[in-house]
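S.K.: Single-letter residue listing:
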Amino acid sequence: SQQGEEDPQALSIQEGENATMNCSYKTSINNLQWYRQNSGRGLVHLILIRSNEREKHSGRLRVTLDTSKKSSSLLITASRAADTASYFCATDLNNDMRFGAGTRLTVKP
Amino acid sequence: NAGVTQTPKFQVLKTGQSMTLQCAQDMNHNSMYWYRQDPGMGLRLIYYSASEGTTDKGEVPNGYNVSRLNKREFSLRLESAAPSQTSVYFCASSEQGQGGYTFGSGTRLTVV
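Quick mapping for you: the protein sequence lines, in order, are chains A and B. The end of the first sequence is residue 109 by my numbering, with every number in the run present. The end of the second sequence is residue 221 by my numbering, with every number in the run present.
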């Protein structure tokens, strides 16, 4: 399916460490996006990477996209307790965006 | 504040009752969406509206209807609620090709 699948399902790290989350998908895409969701809240858009791009940065976030492997990764550097949330990748194809089940990140102070 | 507004935030229905979830955005976006989120399953697309006057089925449309009332508003209707529709419902909007989706804060629906 087009839907992305995140790996790992859960990740626990210490404040200051880096966190890496991966996303795999199965079909062609126009772009891939990453979102954060704090408990009980809506999703917040973090970053979008188009199918012809390989890497993008936004602050402490770094996203890579490998369309030949149909995979993407999200790196959060120098993590903070406030980064504790669920992170979702979403694949967009012709205005139809599908989400994975997410990675639950816990950053311990 | 610009964004997506959903009402109500919480709702409990009895099986067979009907209700409409409301969504409005003030960002002049053309596209609007309804998703449901269930534990461990991420978000699944119910219906979307690429532009005013059009609606299309998503991944899980059965049991739902939608109305794109105007450019700002996109409502989701449950005609006869079932316990399987217990979920958190999110509305979102976007301008295609110009960035990510903006989500509302969600409606937590319980069908008993």
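Don't take each hint at face value.
Dumping the calculated DSSO-like pairs for lysine-lysine here, alpha-carbon to alpha-carbon at most 30 Å [said to hold, decoys possible]:
#	chain 1	residue 1	chain 2	residue 2
1	B	Lys-166	B	Lys-118
2	A	Lys-56	A	Lys-26
3	A	Lys-69	A	Lys-26
4	A	Lys-26	B	Lys-118
5	A	Lys-56	A	Lys-70
6	B	Lys-118	A	Lys-70
What the hints contain is simulated information worked out from the structure, not anything from laboratory work.
S.K.: A separate judgement is required for each hint: does it hold in the structure or not?
M.R.: Status of each hint after checking the structure:
Proposed proximity of Lys-166/B and Lys-118/B is supported: the alpha carbons are some 24 Å apart, at most 30 Å. A threshold of 30 Å between alpha carbons decides the hint, and for Lys-56/A with Lys-26/A the separation of about 21 Å falls inside it, so the pair holds. Between the alpha carbons of Lys-69/A and Lys-26/A the distance comes to roughly 9 Å, so the proposed pair stays at or under 30 Å and holds. With a C-alpha separation of about 35 Å, the suggested pairing of Lys-26/A with Lys-118/B is violated against the 30 Å cut-off.
Pair hint Lys-56/A plus Lys-70/A holds up; C-alpha atoms about 16 Å apart against a cutoff of 30 Å. For a cut-off of 30 Å, the pair hint linking Lys-118/B to Lys-70/A is broken: about 37 Å separates their Cα positions.
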